[in-house]
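Going down the list, the protein sequences come from chains A and B.
Residue numbers are given in full-length UniProt numbering: position 339 of the first sequence equals residue 339, and the series is strictly consecutive.
Residue numbers are given in full-length UniProt numbering: position 177 of the second sequence equals residue 177, and the series is strictly consecutive.
Just so you know, the hints here were simulated from the structure itself, not pulled from any lab data.
A hint or two may mislead.
As the list claims (entries may be wrong) - Calculated pairs, DSS-like style, for lysine-lysine (alpha carbon to alpha carbon, straight line, at most 27 Å):
id	chain 1	residue 1	chain 2	residue 2
1	A	LYS116	A	LYS279
2	A	LYS326	A	LYS301
3	A	LYS301	A	LYS377
4	A	LYS116	B	LYS204
5	A	LYS378	A	LYS11
6	A	LYS116	B	LYS4
7	A	LYS11	B	LYS204
8	B	LYS200	A	LYS11
9	A	LYS279	A	LYS317
10	A	LYS378	A	LYS301
11	A	LYS279	A	LYS11
12	A	LYS11	A	LYS377
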Amino acid sequence: MRALCWEGVGKLAVRDVPEPRVRAADDIIVRVRASSVCGSDLHLINGYLPAMREGDVLGHEFMGEVVETGPGVRRLRVGDRVVVGSVVACGGCWYCRTEQYSLCDNSNPQPVFTEKLWGHSPAGILGYSHAAGGYSGSHAEYVRVPFGDVGAFPVPDGVADDAVVFASDAMPTGWMAADFCGLEGGEVVAVWGAGGVGQMAARSAQILGAERVIVIDRLPERLATAAARLGVETIDYSRTDVLEALREMTAGRGPDACIEAVGMESHDVGPSYAYDRAKQAARLQTDRLTSVRQAIMACRKGGTVSIVGVYAGLVDKFPLGAAMNKALVLRMGQMHAQRYIPMLLDRIAVGEIDPGYLATHPLPLEEGVRGYELFEKKRDGCLRSVLHPAG
Amino acid sequence: MVSKATRWVLLGVGAAAATGVGRTVARRRRRHQPERQDGWYVVRRGVTVDRPRDAVIGFWTDRERLDRALAEWATLERIDGDRWRCEGVAPDGGAGWRAEITVEGPGVLRWRVTEGAVPQEGRLELTDAPQGRGTELRAELRYRSGPVRRVFGLTAGDEPDLALRDALRRVKSLIECGQVIETRHDPSARSPRQERATDKIRDKLTTGGRA
Numbered sequence: 001m002r003a004l005c006w007e008g009v010g011k012l013a014v015r016d017v018p019e020p021r022v023r024a025a026d027d028i029i030v031r032v033r034a035s036s037v038c039g040s041d042l043h044l045i046n047g048y049l050p051a052m053r054e055g056d057v058l059g060h061e062f063m064g065e066v067v068e069t070g071p072g073v074r075r076l077r078v079g080d081r082v083v084v085g086s087v088v089a090c091g092g093c094w095y096c097r098t099e100q101y102s103l104c105d106n107s108n109p110q111p112v113f114t115e116k117l118w119g120h121s122p123a124g125i126l127g128y129s130h131a132a133g134g135y136s137g138s139h140a141e142y143v144r145v146p147f148g149d150v151g152a153f154p155v156p157d158g159v160a161d162d163a164v165v166f167a168s169d170a171m172p173t174g175w176m177a178a179d180f181c182g183l184e185g186g187e188v189v190a191v192w193g194a195g196g197v198g199q200m201a202a203r204s205a206q207i208l209g210a211e212r213v214i215v216i217d218r219l220p221e222r223l224a225t226a227a228a229r230l231g232v233e234t235i236d237y238s239r240t241d242v243l244e245a246l247r248e249m250t251a252g253r254g255p256d257a258c259i260e261a262v263g264m265e266s267h268d269v270g271p272s273y274a275y276d277r278a279k280q281a282a283r284l285q286t287d288r289l290t291s292v293r294q295a296i297m298a299c300r301k302g303g304t305v306s307i308v309g310v311y312a313g314l315v316d317k318f319p320l321g322a323a324m325n326k327a328l329v330l331r332m333g334q335m336h337a338q339r340y341i342p343m344l345l346d347r348i349a350v351g352e353i354d355p356g357y358l359a360t361h362p363l364p365l366e367e368g369v370r371g372y373e374l375f376e377k378k379r380d381g382c383l384r385s386v387l388h389p390a391g
Numbered sequence: 001m002v003s004k005a006t007r008w009v010l011l012g013v014g015a016a017a018a019t020g021v022g023r024t025v026a027r028r029r030r031r032h033q034p035e036r037q038d039g040w041y042v043v044r045r046g047v048t049v050d051r052p053r054d055a056v057i058g059f060w061t062d063r064e065r066l067d068r069a070l071a072e073w074a075t076l077e078r079i080d081g082d083r084w085r086c087e088g089v090a091p092d093g094g095a096g097w098r099a100e101i102t103v104e105g106p107g108v109l110r111w112r113v114t115e116g117a118v119p120q121e122g123r124l125e126l127t128d129a130p131q132g133r134g135t136e137l138r139a140e141l142r143y144r145s146g147p148v149r150r151v152f153g154l155t156a157g158d159e160p161d162l163a164l165r166d167a168l169r170r171v172k173s174l175i176e177c178g179q180v181i182e183t184r185h186d187p188s189a190r191s192p193r194q195e196r197a198t199d200k201i202r203d204k205l206t207t208g209g210r211a
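Bound-form chain B, shown alone (with noise of 0.2 Å):
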């Protein structure tokens, strides 16, 4: 038989525990959670790319090659001279999502997403990597959402920071190695039914990550 006083005793002990771990668990969400800017979410990330600035811009300038690098992830058309319209392809085929690119200046790029689920606009700009190591793409990222929609974003691997990672990777594959590698269709002993499953586990394990 457990006794009043050491019922309140444990209850004490209890709640000051749950405490200091919900404490410590906002902190350490407060500490991964994007800069906020007048209702706007900031987030800014960056990739190196083993390559000059000259040869980064040209890959973006050689028409056939970025058309063959982004076949199967988006289309670029020309509105005029230095605005871009870009079509993302949703994985079913149809379309995701529409931009505006406009060329800023040598280095220097602006998007904004005319159709989409979340609006945001963002700044890319190529500078160049310290030891000759190439040149850096540092973007910012600008995009209006709440706490709970950028939650369940994150937990559906659609979240605006999540997609520029994974666009920032891509571009540094496609310039460095002319492609972005994947094993979804390597061989293996796995029912549809598990192949499936396993997608979902290659799209979170493929989805975001440090860029």
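Chain A on its own, in the form it takes in the complex (with noise of 0.2 Å):
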């Protein structure tokens, strides 16, 4: 079959690989129908995670057409139309027990490289390098997923492969940074971040309760598309000073939650993103931090900031000083994907959210590197570039 393979930092190419087979009872293997790229990805292609290796095939959120069931598999069946949870979740253990998946005991079959450089392992990720667990990835013909009664959800009917598939991830990770701010009704949220995963957050946001929510970016094509999709109020940090129309906009008092949707490549202006990336480029700092630098000094005492893009290593200048002065709630983590995805289909069903806007360069498999390409360097209105393995 063929397959979006990683080549080496910054190369990638289309090559031909085995077919996955089904290995354990609980397998499901699925037929691709849909791929899409995300910012994660970029930390790997770029080698700011080391844990790739040549002829990793990349991937991981997509949905599909189930082709082949394990023994073991009781609740799906061959031919169901399902997204997939990028997290691997065994639903056996205490975390998957407690809908804490992505911290799953069981998932990751090479757990030392995380347990060193975290001090324990959390949950196998598909195609997201050998640091979580090895698997290969989604922009390929077909995939092996395991525990498929745990992380793969039929799909409602007359919704399209190119809206459902954001359900996998960019629906749940964006769902969860809204879930972490505990809104009650009525709060003023601000978004790092105009991408697929912050648009998302911003939707989750509003459906949670909250009264204004405000995406901060500097392409002014995602910050339109926000502004037009979802009835956001935006800032282009480029052009303005993000603290002080920040503190303009809420009559001093800040955001009573901040949610970061940017990870560890996160971009700026100014000598101290100059500094970062300086630092970052010769791999004195694995992450750059300015998005969060800026959503803690941002937010208002007592608030919440909530982390969803991406850090893998070590920081500096981190605003602990900030954060602990200011009394705030940081919460973070990459999301369960398996506790929201089935409520998150519910919701596209009946047309709550609408994420099929994000797919603005549907593409073949083999145009995969360009589709990357697109994405990353965010040409021609890029929002995200989803791949069809199977025409």
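Please assemble the complex out of the two chains, which come individually in their own frames, going by the hints.
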């Protein structure tokens, strides 16, 4: 079969690879119909998380059709159209039992790297490097999904592939970001990042009761899309002092909750950004913290900072003093896909959330390299490239 | 031209720095060395299984499930009432080691390796975890080895402490989700040579760790 593979830092290619097989009783094989690029893939492609091996198949946000099931699979049948959570969860450990699926104890078969790096190993993730288990990813014609009954969910009829694909990752991540904020109604929420996750976080915050949502980015087309599609207010950080603007917009209080949906390659203007970028390029720090710093400084006293952008390692100039003395609540984590997907599918089916507009660039798998280029360089108004291996 | 005095100063600073680094490394190594008792290394490891104690014991007494779970890893044969013989399967499919396991009471067992590279024995005890978090499997392993052999064992990935941690994680996974997941055969565009190199890295990332 054909698959989009990592070939070294910054290098991708579509290659022939063997087809996956059922290896365990509860495995399923999914024929991929839609597989989205994701901002967190860029950290892997560009070598900021040094756990990729040449030939690894990328991709973790996808949906498709079940073509084979292991003998232990009970809930799914061949022919089911399913969306699959990118996080692999066993369904049987304490973390899965308490719906903290991204912390699953048993789904990362190679836990030593992350145990040394982070103290404990979180769940495995499909197509997300050997730090996350070395699973083959979804930018391929077929993908093996372990614990199929736990991780794959039948899709309601009438919902387009290019909409439901985002229920795999961007939507649950955005929902969890808003969920972290503990909204009770009437709050002002600021969201850093107007990519797929940022826009889904903004929409989720609206549904959960935020009165005003302010989205911060530098790309005019993304800000315009967010304003038009979601009715949010926007700030272009390349033209405006974000902290000043947020203070002014909230009459001096600051947002009640700040969501960071950017991650370790965040962008900014000015000398501190140049300093961070130089340090990261020299691998003296793994992550750039620009947007988290802003979120902590902007958040109102006693507010919540919710971090769902992906960070991997060490940072400097973390404003712990501001967080401590303003009594902020900091919440963060990889999303618990399996907790949120069924509820999100219901909301898509009734039209409460329509993520389909994120798929600005549907492409065949063979154009996967171009898809990432468009996405990374933010060319042609690209919000997300969605690959279609099945044609 | 560097003067003689400067050279001595540099030498002194270098020696002091080397001594400092050496002492720090030695202290760090000592902190990570297992306890020694009468020539035996003694390590204690534990893992929490999210099942009540009866369910954990039940797993080991359900012969069919146990054989299925251990299939590619070890075979188990009952010698008499409370004694069992366990034979580990080496990666090449041959016999890797033999151990005798004795059940000492409800939730307590001992093992002794009768054939293997390193003399070793141990004790495993099951206790209830707090807050209804299941069962704690607490193991104490004693093995005879020297510092050099231990370093080689850690490097080669066949040190008894690493094996114990693997075994505990494996047992937890088998009880909680019925399998020990692996990604060794997942599709990739690697050549056979690259795949072999990747498998070696997989082994490093799979062996040991916390438990």
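- prompt: Out of the numbered hints, which ones does the structure contradict?
  reply: Of the numbered hints given earlier, those the structure breaks are 3, 6, 10, listed in rising order.
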